[in-house]
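Enquirer: Protein chains in written order, with my numbering: chain S, 1 to 342; chain A, 1001 to 1342; chain C, 2001 to 2342; chain P, 3001 to 3342.
Derived from the structure by calculation, the hints contain no laboratory data. Honestly, I wouldn't trust all of these hints.
Said to hold, decoys possible - Chain S regions said to be covered by chain A (calculated; three or more residues, Cβ under 8 Å): (1) 11-23; (2) 46-58; (3) 277-287; (4) 330-340.
Stated by the list, open to error - Keeping only pairs whose Cα atoms sit at most 25 Å apart, straight-line, the calculated DSS-like set for lysine-lysine is: (5) C:LYS2186 with S:LYS186; (6) P:LYS3186 with A:LYS1186; (7) S:LYS62 with S:LYS85.
Claimed, not checked - Just a few of them, taken from the derived set where beta-carbon distance is under 8 Å, the chain C residues facing chain P: (8) ARG2019; (9) ARG2052; (10) ILE2238; (11) ASP2270; (12) GLU2279; (13) SER2282; (14) PRO2330; (15) THR2332; (16) GLU2336; (17) ILE2338; (18) ALA2339.
Positions of the beta carbon are idealized from the N, C-alpha and C atoms, including for glycine.
Number of protein chains: 4
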Amino acid sequence: MASVGIVGGTGYTGVELLRILATHPDVELRAITSRGEGGTPVADLFPSLRGRVNLAFADPSKAELARCDIVFFATPNGVAMQQAKPLVDAGVRVIDLAADFRLADADEWERWYRMPHACPELLGEAVYGLPEVNREAIRNARIIANPGCYPTAVQLGFLPLIEAGIVDTEGLIADAKSGVSGAGRKAETHILFSEAGDNFKAYGVAGHRHLPEIRQGLARAAGRSVGLTFVPHLTPMIRGIHATLYSRINADADIQSLFESRYADEPFVDVLPPGSHPETRSVRGSNTCRIAIHRPGGGSTVVVLSVIDNLVKGAAGQAVQNMNLLLGLPETRGLEQIALLP
Amino acid sequence: MASVGIVGGTGYTGVELLRILATHPDVELRAITSRGEGGTPVADLFPSLRGRVNLAFADPSKAELARCDIVFFATPNGVAMQQAKPLVDAGVRVIDLAADFRLADADEWERWYRMPHACPELLGEAVYGLPEVNREAIRNARIIANPGCYPTAVQLGFLPLIEAGIVDTEGLIADAKSGVSGAGRKAETHILFSEAGDNFKAYGVAGHRHLPEIRQGLARAAGRSVGLTFVPHLTPMIRGIHATLYSRINADADIQSLFESRYADEPFVDVLPPGSHPETRSVRGSNTCRIAIHRPGGGSTVVVLSVIDNLVKGAAGQAVQNMNLLLGLPETRGLEQIALLP
Amino acid sequence: MASVGIVGGTGYTGVELLRILATHPDVELRAITSRGEGGTPVADLFPSLRGRVNLAFADPSKAELARCDIVFFATPNGVAMQQAKPLVDAGVRVIDLAADFRLADADEWERWYRMPHACPELLGEAVYGLPEVNREAIRNARIIANPGCYPTAVQLGFLPLIEAGIVDTEGLIADAKSGVSGAGRKAETHILFSEAGDNFKAYGVAGHRHLPEIRQGLARAAGRSVGLTFVPHLTPMIRGIHATLYSRINADADIQSLFESRYADEPFVDVLPPGSHPETRSVRGSNTCRIAIHRPGGGSTVVVLSVIDNLVKGAAGQAVQNMNLLLGLPETRGLEQIALLP
Amino acid sequence: MASVGIVGGTGYTGVELLRILATHPDVELRAITSRGEGGTPVADLFPSLRGRVNLAFADPSKAELARCDIVFFATPNGVAMQQAKPLVDAGVRVIDLAADFRLADADEWERWYRMPHACPELLGEAVYGLPEVNREAIRNARIIANPGCYPTAVQLGFLPLIEAGIVDTEGLIADAKSGVSGAGRKAETHILFSEAGDNFKAYGVAGHRHLPEIRQGLARAAGRSVGLTFVPHLTPMIRGIHATLYSRINADADIQSLFESRYADEPFVDVLPPGSHPETRSVRGSNTCRIAIHRPGGGSTVVVLSVIDNLVKGAAGQAVQNMNLLLGLPETRGLEQIALLP
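One chain only, chain S, in its complex shape (with noise of 0.2 Å):
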C-alpha cells in the first residue's frame, strides 16, 4: 500500500485525482493540502466525496508531503517548481499536473508562461509523463511532467503519422475543442454559465502556452522540429476534447493499419474501425483515448479525429496511469472505470 499526497486539491484535478484514488485499492491518501481551505473537510468542498474521502484539507507548511511515497501536485503552473526539488531529495516520487517541468528549455518555458523558472536543474532529469511514448523512462523517474490535456490528445493522434514518418510535418494543423473544466475551477468571468454556455468560440490563436508542449512532443518523434498551427476552442460542454488533426500524406500507406499496430498494446488508447466519428462522451469519466482516421475523397489529406477525457486522460487519470508506471503495479489499476453515457 503506497502512501500519496496532494498538493493543491480545491481545483477539477484535484477532486478527479480524489474520486480515482478513494478507489484504487494500492494507494492510501495520506495528505491532501491547500492554502486557502486548510481544515476544511474535502467532503465540504466537494459532496460527491462524502463518505468516500475523510480527509480534511491540510496547510501546507505542516502537511508531512516528504514520508509519502508519491505526490501530486495539483497546482497552478509556478507551484511545484518551487516544492518539488526538497521532496524529490527526500525520495519522494513527484507528478506534477501543471506546466512546471513539461518544456525542457527553460528559456522557451519562461517566454510562454512569463516567470522565472525556479528549478531548472530538474528540467533535465523530468521525465515528460505521456506513456504510450515514454513508458520505460517514466518507471523509473524522480519527477515527472504530467502532459496537458490539448497535448495529449493531439499528439496521440499525430504520433503514428510521423513516427512512420509520412506526413509533410511543415503543415501541421490542430483544430481543438475543449469543454470548460479545461478552464479550471477559478472564478473568471469568461467561463461562466452564462458566459460559456450555449455558445462556442476560438481563443488563443495568436499562441497559447499548449503550442511549444505539443511541438516539442512532434519534433520528439519527427527526428526535427516540426511546423504546427493550433486553433483551440471552448465549447459549451463540462468535460472532453476533440482535436481535429489535419496532416498531407507523403507516401503510399495504409494509415488504418498503422494506427491500430501502433496502439495494438496500448491499454488506453482505442483505435475505431474505419469510418468512424468518435464521441467526447464516449471516454467521460474513463482513462481512454479514442481515435478515428479518415481520407476524405481518397486525397493527400489525412483527417485524425481524436478524443479524450481533459480531466481523466488528460490529467488526473493520466497521473494515476503514470503513478502505476512508478510503483511497478498493473498499468490500469485502478483506471477502469466505464465512461458516463449518456
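Please build the complex by placing chains A, C and P on the supplied structure of chain S, with the hints as guidance.
Expert: Just chains A, C and P now, with coordinates in the frame of chain S:
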C-alpha cells in the same frame, strides 16, 4: 459467479445496467436481447463499452434467458408482464425496471397505463424493490418491481416524516425536476437538444404515472391513503432528479435527527448537515440519494430536498442493489462508483 | 425623443437594457457609466452591440446624468439609494433595477440587505413598478422600484387568486426555478459553467431576499399579511424563470376565467388555454409572462405555472415598460421582440 | 405591402421565418402550409408566436400560394423542385431554403442528394442567394437558392482571400462547428438532448452535402476548381456556426485591410479588429456574420474565424435579406434584431 441476462438493452437503463454490471465482480453477463438490434455488438451501439462488453445483442427468441440466475427487464412498460411468468416458473429471479409490477392494484395499473395487465397473478407476490423499505422481502422475492425514478426520490424524502406520523398527509406536495434522460432514448421531438435545451417546463400536471406509485408507497407507510400533489418538470440536464417536498408538520420533533436515525444504516442514503442544499451532480453516476431538511422561518412547513441520479438510484443502480440482495451479496457490491464531479 | 442614461451598464441587466433601448424609436441613449470600464466602448465589452451602440462607458463622475429625462440604475444593491436623490431633485425620473426601493419598510430592508438604507426618505414615494398592479401610480412617479425577477413571476401568478379572495393565504408555496443569468455577471465559482452546468439545486431555502418583496406584494393584494414558503432553485439554462405555485382554494370559482379576465387587457401577460404547460423558451428575449392554471384531480390544490425571461419581464424589459408609462408612450413601444425559439 | 407565403412551416427555418416576418413592416403573411399540421394554429405549435402570428397551417392543396408575391420553401430537400415551377410561371418569386437549386450541375446534385432532380430546367436561372456575391443577380431573379448554413459561414470567410488570389486554393481546410438546430426539428435519436448534450463529435468527414456547394462557390470566386477539406462537427449549443478556416498564403498582403475593404459596404458582415475571437452568441438571433483574421506566428498559414447564427444568416434571415432585394426594399428592413446576449 451469478449469470445475468438483460431483456431490452438499447435504452438508457440498459446501457447503465451494462456499465455497472461490466465491473461487478460477482456476476457474468450472459445475454442481452434486443428486437431491433439482434446481432449488433453492444459496443457498436454504445462505444463507451468498447473493450468492456463483448456481447452482441441477441434476438429475444434465441436468448437462453431461462438459464440465467437473474434477468433484468429494461424494456418499455408492458413487456415484462408478458414474458416474466415462464422465467419465474423456471426459477429465474426477475427484476423489472419498468412499471409492470409496481402497482398492487391491477385495475389502477390499467387506468394509468392504458392497457390490460397481462399477468395480474404475479402482482400479489411481486415485491416493490425499494430496499430502504422492503429489504427483507426483497431477499426472498421471485419478482421485483424496481421503483420509478421520481418515486425513489420522493419516497425517500417523505418516508421519515410519514413513518413518524408528524405531518399532515392530506396536503403533501412534491415538486420534482428531472434531467432529460428520464424520458428515455426515444426519437421524440420534445426531447431534442434544441427543444429541451436552455428551457424549463412542467409536464403532466393533470396526472403522471408516477403519482399512483408514490401514493401507494406513502400510503403503506402512513397506514392510510394520502393526499399528494405531484408536479414533474423537465430540466435541461442529462441526469439527475431533484425533488422538493413540502409538508405541514403537526407535532414537535427534531426533524434532522429523525432523518439521520432513519437512514443511519442505509449505505445509499446520505442525510446532509442542517442548512445544506444537495446538488444533483453530487450523485451523478452514483447510487446515492442525498437529502437535506429545512424548516424555513421556523414555521410549520417542512421542506425536504432529495436528489438522485435517475439512471442509477432511480433505475439501474437500484436494480443492482436489489440483485445483490437477491444473491446474498453485500448490498454495495459493484456500486462503489463515486459521482462524476464536475 | 427622450434622453436616457444608464448607471452601471456592465452587468446582464445593463446589456439587456442596451439591447432593448438601441432599437426603441423614442429614446436617445445619452450616457452609460461604469466605474471599472470608463472609456471602454460598450461594443468592446459586448460585441453583440457592435454597430448598434456607439457609446463608450463614461466615468460616473463625468456623466451628465442630470440632463437626462430618464436614468436607469443597473447597479448592485446599495448604489441607487446613494445617488438617486440629486437626480430626482433635478427632475430626472429614476428607475432602479436593483432592490433599493422595493421594500416600503426601511427596517425590513436593512435586515435582508444587511446595510443601512441611505435614502429612506424616498421610500415613501417610490412606486413599485409592476404595471399590472400599479400602472397609474407609475405614470406619475419620480422614482420607480423595478421588481425583482422571482417577484414578478410569482406575483403575476398568485395575484388573481389572492385578489379574488379564494385561496388560503396562510399556506402559499412558491417553488421557483431560475436560469443562471439571474445570479448576474459576477466572477463567482458557483455559477461557473462547470459548476452550474448539468446540475440542479435549491438555494437560499432558509430565506432569500426576494421573499419579503413577494410577501409585501401579496399582502397588499390580500389586504393582510400572508404566509409564503419560497424555494428558489438554480437550473442549467441561461435565461428564464419558471414559478410553480401552490395554494389551497377555499371557494368555488372558475379559475381559468378568473385569470383570463384579470389579464384580458394586459399586453404582456398571456394566460394559456386549460391544460397547458408554459415553457421558459416561449418567452426567451421577450417581455411576456405566460401563465397556465391547473387543479390536479379536481382537488383543492391550485397549481399555477408562470414563466418569464428573468432579464426582460424580470428586469430590463419591465424597466422599459415602466419608462414608456413615465413618458406617456404606448406601453409596448420598443418591446415587440418575439421570443427566440429554438 | 407584399404578400408572402411559406411552404412547410413546422421546422426551425419555418418558425424563424415567422419570427422575422411577423415584425417586418412591409410584408403581409398570407399563407403557411403543412401537410401534417393542416388546420392547426401556428401558435399552438410554437407558443412563442402567440398573439403575434394568427394564421393556421393550411393544407398545401388549398393554400393560394400563386397569389403571393413571394413564396418561401422551408421544406426538406426535394420538395421545392417539385412545386416551384408553376409558382414561378405564375409570376411568384420563389426562395428555396433547402438545397434543391443550390448546385448548378444536376448530375452532381443527384449524386449528393440521392434522388433524381425534378426540375433541372430551372437550375440554369436559379440565383445562388448569397447577397455579398450575387446582389445584382438576386434583385432580378425569379427563383433563389438560399445558401446552406455551413456554406454561408465558410464562403464569407474564404472569399476575400480567394478573390484576391493570395492563397493556395488546392489545400483549403474548413473545420466547422454547428449548433444542434442545424440538424432540424426531426425526431431522430442522435440529436436528443441526452445524446448531443455535453458531447462533441465530428460527422460526415467522408463527405457532407455542403461540400460541393462550398466548392462551387469558392471555385466561382477562384475562376477554377479548388481543393477543400471540410469537416463539420456537432456542438452542444442550440444555434450558431463557427467556421475555422485554414489556408496557405502565397503572396504578401495586409489581410486585415483586405477583409475590411471587401466587406466595407456589407450591412451584415462585420470584420472584427485584429486579434479578435468572435463568439457565436454575439450573433445569436441576428443576421450578422462576424469574422476575425489571424496569422499565427507570422507564418504562412492564415486562420479565419467566421460565425453566424445558422437559423438567421444561415437560413431564414438571409432568405429575408434576399426577399428585401427582390422587393426593392432596403436590404436591412426587418432584420435589425440585435443578438440575444447572454
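Enquirer: With 8 Å as the cut and Cβ atoms as the points, is C:ARG2052 at the interface with chain P?
Expert: 5 Å, holds
Enquirer: For the pair we were handed, P:LYS3186 and A:LYS1186, check the Cα-Cα distance against 25 Å.
Expert: 12 Å, holds
Enquirer: Holds or violated: the hint that C:ALA2339 contacts chain P, with Cβ atoms closer than 8 Å.
Expert: Since chain P brings a Cβ to about 4 Å from C:ALA2339, closer than 8 Å, the hint holds.
Enquirer: Are there three or more residues in the segment 11-23 of chain S whose C-beta lies closer than 8 Å to some C-beta of chain A?
Expert: It holds: at least three residues are needed, and the segment 11-23 of chain S offers 5 whose Cβ sits within less than 8 Å of chain A.
Enquirer: Once the shortest beta carbon distance from C:ARG2019 to chain P is found, is it less than 8 Å?
Expert: 5 Å, holds
Enquirer: May I ask you to test the interface hint for C:THR2332 with respect to chain P, counting a Cβ-Cβ separation under 8 Å as satisfied?
Expert: 11 Å, violated
Enquirer: Return the status of the interface hint for C:SER2282: holds when the least beta-carbon distance to chain P is below 8 Å, violated otherwise.
Expert: 4 Å, holds
Enquirer: Do the numbers back the hint for C:GLU2336, that is, is its least Cβ distance to chain P under 8 Å?
Expert: Where the cut-off is 8 Å and the nearest Cβ of chain P is about 6 Å from C:GLU2336, the hint holds.
Enquirer: Does the interface hint hold: is C:ILE2338 within less than 8 Å of chain P, judged Cβ to Cβ?
Expert: Holds. Min distance 5 Å.
Enquirer: Tell me if chain A covers the segment 277-287 of chain S under the three-residue, 8 Å CB rule, please?
Expert: holds (count 8)
Enquirer: So, as I understand it, the hint says C:PRO2330 touches chain P; can you test that by seeing if any CB pair is closer than 8 Å?
Expert: For C:PRO2330, the interface hint is violated, since the closest Cβ of chain P sits about 15 Å away, which is over 8 Å.
Enquirer: Are three or more residues of the segment 330-340 of chain S within 8 Å, CB to CB, of chain A?
Expert: holds (count 5)
Hint compliance for this structure: hints 14, 15 are not met, and every other hint is.
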